[in-house]
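**Q** Fit chain B to the given chain A structure using the hints.
Chains as they are written, first to last, in the numbering used here: chain A, 1 to 201; chain B, 1 to 201.
Think of the hints as simulated: they come from the structure by calculation, not from any bench. Using N, Cα and C, we set each Cβ at its ideal position, and we do this for glycine too. Hints should not be assumed to be uniformly reliable.
Computed Cβ-Cβ distance ranges for the label pairs, DEER-style [claimed, not checked]:
#, chain 1, residue 1, chain 2, residue 2, range
1, B, D193, A, R168, 26 to 36 Å
2, A, D163, B, E150, 30 to 40 Å
3, A, E102, B, A25, 35 to 45 Å
4, B, D179, A, H30, 32 to 42 Å
5, A, R194, B, A25, 13 to 23 Å
Some but not every residue of chain A turned toward chain B, in silico, with C-beta under 10 Å [to be verified]:
#, residue
6, D66
7, A136
8, E138
9, E181
10, D187
2 protein chains.
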Amino acid sequence: MKPPLLFYFDFSSPYGWLAAQQIEALAAKHDRGVSWKPMLLGAVFKQTGTAPLTMIPLKGDYSRRDIARSARFHGLPEFTLPDPFPIATQAPARLVVWQRTENPERAAVLVKALYRAYFAEHQDISKADIVIAVAARESIDADAARAAIESSAIKDALRRDVDEAIARGVFGSPFVFVDGEAFWGLDRFEQIDRWLATGGF
Amino acid sequence: MKPPLLFYFDFSSPYGWLAAQQIEALAAKHDRGVSWKPMLLGAVFKQTGTAPLTMIPLKGDYSRRDIARSARFHGLPEFTLPDPFPIATQAPARLVVWQRTENPERAAVLVKALYRAYFAEHQDISKADIVIAVAARESIDADAARAAIESSAIKDALRRDVDEAIARGVFGSPFVFVDGEAFWGLDRFEQIDRWLATGGF
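Pulled out of the complex, with its shape left as it was, chain A reads as follows:
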């Protein structure tokens, strides 16, 4: 099996959510898996000296409209932005970091369940209780999930992941690496498709 695509995302990123629904099919088409890499855009924004998209003058107003339109374009006609938005995403990110080693297949299911809880059901997944309830629906023990979210080892592992993401040049969400080649944004999925088909262009 060829190496998986590295899929970096923040749980507060609507484009990350849309991309999370398409990355596995794109990877599978080319005989690849997906490695799910939750990260924290807040830490990245400190590095790049920028701010959440929706808070930047001019760009903010456009992006609210573009997010909803892009959701409709990708088959989600009912989309509205959750409130609060954006949110802190340490809790869901830690859960995924934990499950990635415990049970990789369930980690993939969890990513989509947590994203859906936030963007489709408007549940505030910055809160550990909400994250644990979403995990319970996927048959994850609540006490074990809480322990993972509060574990220093998991916190450290996430911190290392975020540092590694920044070192690799990740500055937004979604951000995909294909054999070391970086692609930012759902709107680069066509280029990823051709890259995988041709071995680079």
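**A** Leaving out everything else, chain B in the frame of chain A:
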């Protein structure tokens, strides 16, 4: 005839260059024309508090790679970024503002000729002499072109255009309006296509 698409661009924008080669075919497919709107990203960046793409930490390195890869993806295998980059684009913008009223069809030809001079031939179109030489190839009188570039009326007209662009929410290049709906970037051309086909979605 339905209203034209408003195509806002900066002559120093590589994505604007790629988009300028596709916008007319996209518009014509839906029975539309193109209104060419040169603007100055420098003035916009002051408003949004941001910087040229290639100068932002992390994003800068990525964007240099993405620009070249996107050029290859869109059929320009030989692309390399000009040096100097970015450049001031008042001179070519003024020439287009002038020709847009004098001779709209030639304005469209000029946009592509000036873009090609900079990005394919690596001529520094920030310089009036270069702009005038490019215009001469398109049968524009050199003295008239120089007078236009130095004319206070044309300078004022461009300034008004840029102010209007910012008032409309333009913050990047290319930036397209379809009957008031805003689309940023070449990677939104698929959405523009569907928007024009369906009357909005």
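**Q** Each hint: holds or not?
**A** How the hints compare with the structure:
1. B:D193 <-> A:R168: 26 to 36 Å: Because 34 Å falls inside the window, the suggested range holds.
2. A:D163 <-> B:E150: 30 to 40 Å: 53 Å, violated
3. A:E102 <-> B:A25: 35 to 45 Å: Violated, at about 52 Å.
4. B:D179 <-> A:H30: 32 to 42 Å: 39 Å, holds
5. A:R194 <-> B:A25: 13 to 23 Å: 20 Å, holds
6. D66: At 7 Å from the nearest chain B Cβ, D66 (chain A) passes the 10 Å test, so the hint holds.
7. A136: Nearest chain B Cβ about 37 Å off; hint violated.
8. E138: 33 Å, violated
9. E181: 8 Å, holds
10. D187: With a minimum Cβ separation of about 4 Å from chain B (threshold 10 Å), the hint on D187 (chain A) holds.
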